[in-house]
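Using the sequences and the hints, build the whole thing.
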Amino acid sequence: MISTPTTRSSSSFSSLSALLVLTLLLAGCGDKKDDTTKDTNGSTPGKQASQNDGKPDLGGQNPSGNGDGNQPPNDQTPPNDQKPPDGQTPPPTPPPVVQELPPLQFLPELPTTAVAWVNGKEVPAAQLLELVLSQNFSQGVTALLMSKISEMELKKEKIELAQEAVDAEIKVMLERSAPGTTIKEARKSNKISFKHIEQMARSQRAWKELYWKAQNIPPDQRANETNQMLMQFFMRQKMQAYQQRVRGQNPGPIPGLAAEVTDTGTGETQYISASEALDFLIGLSKHGALVQALDQIVDNTIVDQALAKAGVEVKDSEIAAWAAEMRAKHPPPFTWEQICRIKGKTTEMEKQRWARIQAYQRITKKEATDDDIAAFLEENKGYFLGETKKFSHILISTTDPETQLPIEEKQEEAEAKIKLVHNKVIEGLDFHWLAETYSDDPVTARGKGRIGQAFKKWGGAWDPTFHQAAWKLEKVGDISEPVKSRFGWHVIKLDEVNEPTRKEPNWDDPRYKEWVVDEYLTKVMETWLDGVKNAAEVKKAAKAEIFGLKDRSYWTEPEKQPKEDPKEDPKEDPKKDSKKDSKKPDGK
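Residues in the sequence shown are numbered consecutively from 959, following my numbering.
Since the hints were derived computationally from the structure, they do not count as laboratory data.
Since this is a predicted model, take the numbers as computed values, not measurements.
The C-beta atom is built at its ideal place from N, Cα and C for all residues, glycine as well.
Any given hint could be a false lead.
In silico DSS-like cross-links for lysine-lysine, where the CA-CA straight-line distance does not exceed 25 Å [said to hold, decoys possible]:
{"no.": "1", "residue 1": "K1323", "residue 2": "K1273"}
{"no.": "2", "residue 1": "K1196", "residue 2": "K1114"}
{"no.": "3", "residue 1": "K1415", "residue 2": "K1301"}
{"no.": "4", "residue 1": "K1142", "residue 2": "K1508"}
{"no.": "5", "residue 1": "K1348", "residue 2": "K1442"}
{"no.": "6", "residue 1": "K1442", "residue 2": "K1501"}
{"no.": "7", "residue 1": "K1442", "residue 2": "K1415"}
{"no.": "8", "residue 1": "K1491", "residue 2": "K1267"}
{"no.": "9", "residue 1": "K1347", "residue 2": "K1406"}
{"no.": "10", "residue 1": "K1301", "residue 2": "K1339"}
{"no.": "11", "residue 1": "K1153", "residue 2": "K1142"}
{"no.": "12", "residue 1": "K1347", "residue 2": "K1433"}
{"no.": "13", "residue 1": "K1171", "residue 2": "K1116"}
{"no.": "14", "residue 1": "K1491", "residue 2": "K1442"}
{"no.": "15", "residue 1": "K1287", "residue 2": "K1471"}
{"no.": "16", "residue 1": "K1347", "residue 2": "K1442"}
{"no.": "17", "residue 1": "K1382", "residue 2": "K1368"}
{"no.": "18", "residue 1": "K1498", "residue 2": "K1508"}
{"no.": "19", "residue 1": "K1471", "residue 2": "K1481"}
{"no.": "20", "residue 1": "K1301", "residue 2": "K1471"}
{"no.": "21", "residue 1": "K1368", "residue 2": "K1501"}
{"no.": "22", "residue 1": "K1508", "residue 2": "K1497"}
{"no.": "23", "residue 1": "K1287", "residue 2": "K1301"}
{"no.": "24", "residue 1": "K1406", "residue 2": "K1348"}
The calculated label-pair distances, taken between Cβ atoms and stated as ranges, are [as the list claims (entries may be wrong)]:
{"no.": "25", "residue 1": "K1377", "residue 2": "V1130", "range": "32 to 38 Å"}
{"no.": "26", "residue 1": "E1325", "residue 2": "K1497", "range": "32 to 38 Å"}
{"no.": "27", "residue 1": "T1184", "residue 2": "V1270", "range": "55 to 61 Å"}
{"no.": "28", "residue 1": "I1175", "residue 2": "A1072", "range": "53 to 59 Å"}
{"no.": "29", "residue 1": "I1175", "residue 2": "A1500", "range": "48 to 54 Å"}
{"no.": "30", "residue 1": "E1367", "residue 2": "P1061", "range": "43 to 49 Å"}
{"no.": "31", "residue 1": "E1503", "residue 2": "K1146", "range": "18 to 24 Å"}
{"no.": "32", "residue 1": "L1188", "residue 2": "D1330", "range": "52 to 58 Å"}
{"no.": "33", "residue 1": "E1337", "residue 2": "V1496", "range": "29 to 35 Å"}
In structure tokens, the structure reads:
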């Protein structure tokens, strides 16, 4: 299910469903290279994907984001670079060569009916759907690759999965993503695609059966935590026997496809088309995610129009070149992808942020002055030195966990309940007992309200209203007034303040200065963007029309195997000549 801000936002609105997340976690798969799904011929610098971390939501509604492992930096080292050697500035990196990606091919073609109008201009549904695919490309394609590999392995091992075993996996997934929902109810529900739930359940069960057979694990030991960890290594080992080609990587798949995977032993190849990937992601999307995606597409259109009016542009090729430069600048072991995760972002979100800054500067023709930067640094020095705070909270939810949409009937009741809880806290009742007893956040309630991740003054992808209210608390033990986020009502408690203890660095060092300037430009860009959005005339289609996009089919199975690019040599059958290498087309 795809999403955006929770108390911690959940996707580039990536509220991919918990069942997809379970599959990815089982494999120990993280972000791969890039979620590049657009043609690089110059389109729009997209909105920062909502303020979320692009990671799947583990529980349908997880306002705290507890346990996602995205710890912000606690020292003064710039999050976008490693500390430079004293007195040294590295030589400039040569500009990377960025190849244009061919456009993705959708069969059938995507719908073009309007989902919004911005200053009188139609926004087609196709743009909304392509955004869903773009922002969740890596997670979706990884899950589909794992599914296809598991099916090929089942065939080789001659294992047939019993429906009862698959149903057992579905029950676990539903308990995580839609507590209380039965399989029968899920089949009839239009909130999420049951066929995709079943596909993920089958994949998850397949990997278990393969591991149990290979290691001869008896039934009474299969739930053992050690076996769970060893299964991840087993899966990685199995997947190494397959050549995976993903769009945006080199080598890539056949042009126009999202990915392909080949068994290097048998030569069997499976393909993932753009249509299959989109159908999969839309099927697992929550309704609330589509609402947020629509907001993002509207923002994209507003910026597009502002660029056109000013007679300037930000090309996709520029954005891709900047991303390539970031990767070259941050080689392993501390890669750009890791830096983005530390900041609570994805690479796609960072590309969008950079593009928005370019749009702001080219439209306004404003540059950051030394005085501007100095004043900004002085006001926010604690942020740059690594000041953090930790909080606990109590949530009274006002949303449907299955759709992430607000429930009107719950609004007044939730507000009255949070006021009652707040009064009990003020009267001296134990905050953590109240959180454990009354909070609707399933993750933090188990930890008596404690949010695992430390907050910085900004960043980290939390719901903005929640974040601002939390940061205003100054003394340990301080309690907020009731705070309304898009997830419901909260009472927040300050648990810990970590003041910076390290000596200030030389802020004039080029790398530190670059970090400060980047943060400054992000802030002024966001202020500018708010003004542009407020001045725009926006009309959106009825929510029923938006939700209707989930009811459509974007891919029909079975799909014919795609033919090789005629410009490329055909792949050779390894059964005919095992000594020759297969020639595969390059998706780049």
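Okay, the hints, checked on the actual structure:
With a C-alpha separation of about 17 Å, the suggested pairing of K1323 with K1273 holds against the 25 Å cut-off. Among the hinted pairs, K1196 with K1114 is consistent with the structure: their alpha-carbon atoms are about 12 Å apart, no more than 25 Å. Restraint check for K1415 and K1301: satisfied, since their Cα atoms lie roughly 12 Å apart, inside the 25 Å limit. Distance hint between K1142 and K1508 is fulfilled; the C-alpha atoms sit about 20 Å from each other, no more than 25 Å.
Among the hinted pairs, K1348 with K1442 is consistent with the structure: their alpha-carbon atoms are about 19 Å apart, no more than 25 Å. With a C-alpha separation of about 23 Å, the suggested pairing of K1442 with K1501 holds against the 25 Å cut-off. Restraint check for K1442 and K1415: the C-alpha separation of about 19 Å stays at or below 25 Å, so the hint holds. Pair hint K1491 plus K1267 holds up; C-alpha atoms about 15 Å apart against a cutoff of 25 Å.
For the suggested pair K1347 and K1406, the alpha carbons sit about 17 Å apart, so the restraint of at most 25 Å is met. Annotation: proposed proximity of K1301 to K1339 holds, straight-line Cα distance about 17 Å (limit 25 Å). A distance of roughly 13 Å separates the Cα atoms of K1153 and K1142; the hinted pair therefore holds under the 25 Å criterion. A distance of roughly 10 Å separates the Cα atoms of K1347 and K1433; the hinted pair therefore holds under the 25 Å criterion.
Distance hint between K1171 and K1116 is fulfilled; the C-alpha atoms sit about 11 Å from each other, no more than 25 Å. For a cut-off of 25 Å, the pair hint linking K1491 to K1442 stands: about 23 Å separates their Cα positions. This hinted pair checks out: K1287 and K1471 have alpha carbons roughly 16 Å apart, not beyond 25 Å. Straight-line distance between C-alpha atoms of K1347 and K1442 comes to about 20 Å, which keeps the hinted pair within the 25 Å bound.
At roughly 21 Å between alpha-carbon atoms, K1382 and K1368 fall within 25 Å of each other, so this suggested pair holds. For the hint pairing K1498 with K1508, the CA-to-CA distance comes to about 17 Å; that is within 25 Å, so the pair holds. Taking the CA atoms of K1471 and K1481, the gap is about 16 Å. The hint holds against a cut of 25 Å. With a CA separation close to 18 Å, the supplied pair K1301 and K1471 stays within the 25 Å bound.
Proximity of K1368 to K1501 is assessed by CA-CA distance (about 19 Å); at most 25 Å being required, the pair is judged to hold. Between the alpha carbons of K1508 and K1497 the distance comes to roughly 21 Å, so the proposed pair stays at or under 25 Å and holds. A threshold of 25 Å between alpha carbons decides the hint, and for K1287 with K1301 the separation of about 17 Å falls inside it, so the pair holds. The suggested pairing of K1406 with K1348 holds, with an alpha-carbon distance near 14 Å, which does not exceed 25 Å.
Between K1377 and V1130 the C-beta distance comes to about 37 Å, which sits within the given range of 32 to 38 Å. Distance hint check: the CB atoms of E1325 and K1497 are about 36 Å apart, consistent with the given range 32 to 38 Å. The hint said 55 to 61 Å for the Cβ distance between T1184 and V1270, and at roughly 58 Å that hint holds. The hinted window of 53 to 59 Å between I1175 and A1072 holds, with their beta carbons roughly 55 Å apart.
I1175 and A1500 have their C-beta atoms about 52 Å apart, which keeps the hinted 48 to 54 Å range intact. A hinted range of 43 to 49 Å holds for the C-beta pair E1367 and P1061, which are about 45 Å apart. In this structure the hint that E1503 and K1146 lie 18 to 24 Å apart at CB holds, the actual value being about 22 Å. For L1188 and D1330, the Cβ-Cβ distance of about 55 Å falls inside the hinted range of 52 to 58 Å, so the restraint holds.
The hint said 29 to 35 Å for the Cβ distance between E1337 and V1496, and at roughly 33 Å that hint holds.
The structure meets every hint from the earlier list without exception.
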